[in-house]
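Number of protein chains: 2
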Amino acid sequence: MHSPDERFTINARDGKARVGVLSTKKGPIETPFFMPVATKAAVKYLSSEDLEEIGAKAVISNSFILSLRPGVEIIKKTSNLGNFMNFPGINVTDSGGFQMYEKKFWIKTSEEGILFRNPFSGEKILLTPEKAMEIQLALQSEIAMCLDCMPLIENTKEEIAGAVEQTTLWAGRCKEHHEKLQKHLPQQQRQLLFGITQGGIHSDLRKKSIEDIRKLNFDGYSIGGLALGEPKEEEYKMIELQKSLLPEDKPLYLMGAGDPLELLEAIERGVDMFDSRFPTQNARRKTIFTSQGKVRIGNKKYATDQKPLDENCSCKVCKNHTRTYIRHLLMQEEPLGKHLATYHNLYYLNTLLEKAKEAIKKESFTTFKKQVAKAYEN
Amino acid sequence: MHSPDERFTINARDGKARVGVLSTKKGPIETPFFMPVATKAAVKYLSSEDLEEIGAKAVISNSFILSLRPGVEIIKKTSNLGNFMNFPGINVTDSGGFQMYEKKFWIKTSEEGILFRNPFSGEKILLTPEKAMEIQLALQSEIAMCLDCMPLIENTKEEIAGAVEQTTLWAGRCKEHHEKLQKHLPQQQRQLLFGITQGGIHSDLRKKSIEDIRKLNFDGYSIGGLALGEPKEEEYKMIELQKSLLPEDKPLYLMGAGDPLELLEAIERGVDMFDSRFPTQNARRKTIFTSQGKVRIGNKKYATDQKPLDENCSCKVCKNHTRTYIRHLLMQEEPLGKHLATYHNLYYLNTLLEKAKEAIKKESFTTFKKQVAKAYEN
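Chains as they are written, first to last, in the numbering used here: chain A, 3 to 380; chain B, 3 to 380.
Incorrect hints may appear among the rest.
One copy or two, it doesn't matter: identical chains are merged, so the pair holds either way.
To be verified - For lysine-lysine, the following BS3-like pairs were computed, each having C-alpha atoms within a straight-line distance of at most 27 Å:
#1 318 with 79
#2 303 with 159
#3 79 with 288
#4 177 with 303
#5 78 with 303
#6 177 with 318
Quick caveat, the hints were computed from the structure, so don't treat them as lab data. No experiment lies behind these values; they were computed from the predicted model shown.
Required output: the full structure, derived from the provided sequences and hints.
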């Protein structure tokens, strides 16, 4: 038995891979899990009813973008983000600063916070760590993220070192403000807060970031600024480093990872949570995840293919529709094509993680991963 | 009892309004009915499963556009259009010439047919009446339309007179070719063919067109070149004229009408079939059909409205989602917003026609229409 204050318990292990349960104010969720991206309170082309059918138990939204449109006040009128979307699962929010790093929005980053130009109104907005906490608490997501300072891919090591330092300072301010604002609530009703580490693929910087963030004692830890296209070996090395330095009893979240094989490699290294636009964006761009690997449905050879997207899939789309039809819809930019492909890709990924959990429970995860790898390495 | 060759039977009447059953090679369909537009073999933002839930028993597609992409051969590989879409209902096809009257596609119309520039490949294509029949027979829709010559709104009366004459000549060629190609089939397995009348709102031209087309003895008659934005009184006058001159035992189809009240006015005058992009396009443009009339959901007053789109609607969308959420999605151009609004508008329209049929059976159609009119005249 664990104390009621313990928010994360491990129920099965296979090597570093593990199945756990994370308790949130809305209820428990089994790990590892993948979160479809619902930036503006909707996964592109899918309803909350679709997500339920798919088995998606959590989604991640961008709290900063939601604070601009429709605005926190409007969502609060429906009580919270989960009710606004009518999503029965767990709502996770990111502080959202990272998406504003586009040149047209971003003005400057200082010790104080990130200064943006509001893309809707043109006015300047300063997103501070404190403000990021207030927004996420107002939305009442189950899990919130600290405001981090994400270095850009083109940044020098010195610049990344600066971002690491900034991220730590902001994490401290986030933690303090978040705690203060929730002091009055019993533990079980509190929003969880995750710390984010940075450091790119520089082991020394990443190590410093992990050690600094760990000291602040968060409910979970997120690996930021990774899964951005760096070599997979570098990515996995950083995950291993993070895993070795973080407490075993806290969930580990790899931000931005959504490639099927990448998820399994990360799970094997002890990661518990994922989010990414990869499966949904791939679907819209005609790349389908299947038990036989990726199918680029735009390829002419599928033009008269009467098979479902994946013969081994039991999702609604694979039961009802053919490759020839879905290919036609995607080629003609029919919205229905994007809907069907998105539904299938997320169903595939969710089912993959269900199977991964089964394999961990049976201590056969390595065999399972190798089977999937075979299809995806073709 | 009616002979097996009789394809249309009337089961209830209330004034000129009537409930009938049209027999097609795929099975019977009760009239009056409304067909969502599935130009490229998909209703925008809806799957065939959605259409089944909504209760849509028929859709109309553009056979000419489908012959360009994906091409008739590809659809034939899946046997036919209905199977390609996995739509269990009745597939109706239009010859599709009318959509090619955009300046960028249309080259010229001659006695021979309509010459287009293929928008995909740039090559010239001649759509003849015979070709239009061959395409629709290859797609195996249940109901086909003649190739008609649609005058443009800006045309003079003389030009419209020319279009009427051309339409009659083409109708004769369509009928002859269609009959020849289906001679080998038993009556019950044959595709139905509808003749289309033209003539704008000129009573003399419309009368001539109706009389000429009627002589060719089609399975049903379509009113073309109406419901284009002309004054409602003119539209209704033309419907009444058409009704008075056409055989009672054939279905009458008003092409392009989809406004709730317009449908009821037409049903009252004896129309049996409708199609239009009006409800789906309105949904995408934030106009919602409800029991209280049209709701322009973009209006700020709905920003925090916790009610469903229509409090008296029992569709999935109204059961699960609020105006505040759907408004947010539509304002942010989230595809889910368009899906939800489209689903509701078509459900509303289908339910309206179900109620209209009930009212006709109970001989209370006029009262029913007045109730709806009250909401829509606000």
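> Between residue 177 and residue 318, at a C-alpha cutoff of 27 Å, which is it: within one copy, between copies, both, or neither?
Replying inline: This pair counts as neither: shortest intra-copy Cα distance 43 Å, inter-copy 41 Å.
> Using 27 Å as the alpha-carbon threshold, which applies to residue 78 and residue 303: within, between, both, or neither?
Replying inline: between (50 Å within a copy, 16 Å between copies)
> Checking residue 177 and residue 303: alpha-carbon separation at most 27 Å within a copy, between copies, both or neither?
Replying inline: Neither: 54 Å inside a chain and 38 Å across chains, both beyond 27 Å.
>> As a check of your reading, is residue 318 near residue 79 (CA-CA no more than 27 Å) within one copy, between copies, both or neither?
In response: between (34 Å within a copy, 22 Å between copies)
>> Reference check for the pair residue 303 and residue 159, CA-CA at most 27 Å: within, between, both, or neither?
In response: The answer is neither: 46 Å in one copy and 51 Å across copies each exceed 27 Å.
> Within a copy, between copies, both or neither: where do residue 79 and residue 288 come within 27 Å Cα-Cα?
Replying inline: between (38 Å within a copy, 22 Å between copies)
Of the numbered hints listed earlier, those contradicted by the structure are 2, 4, 6.
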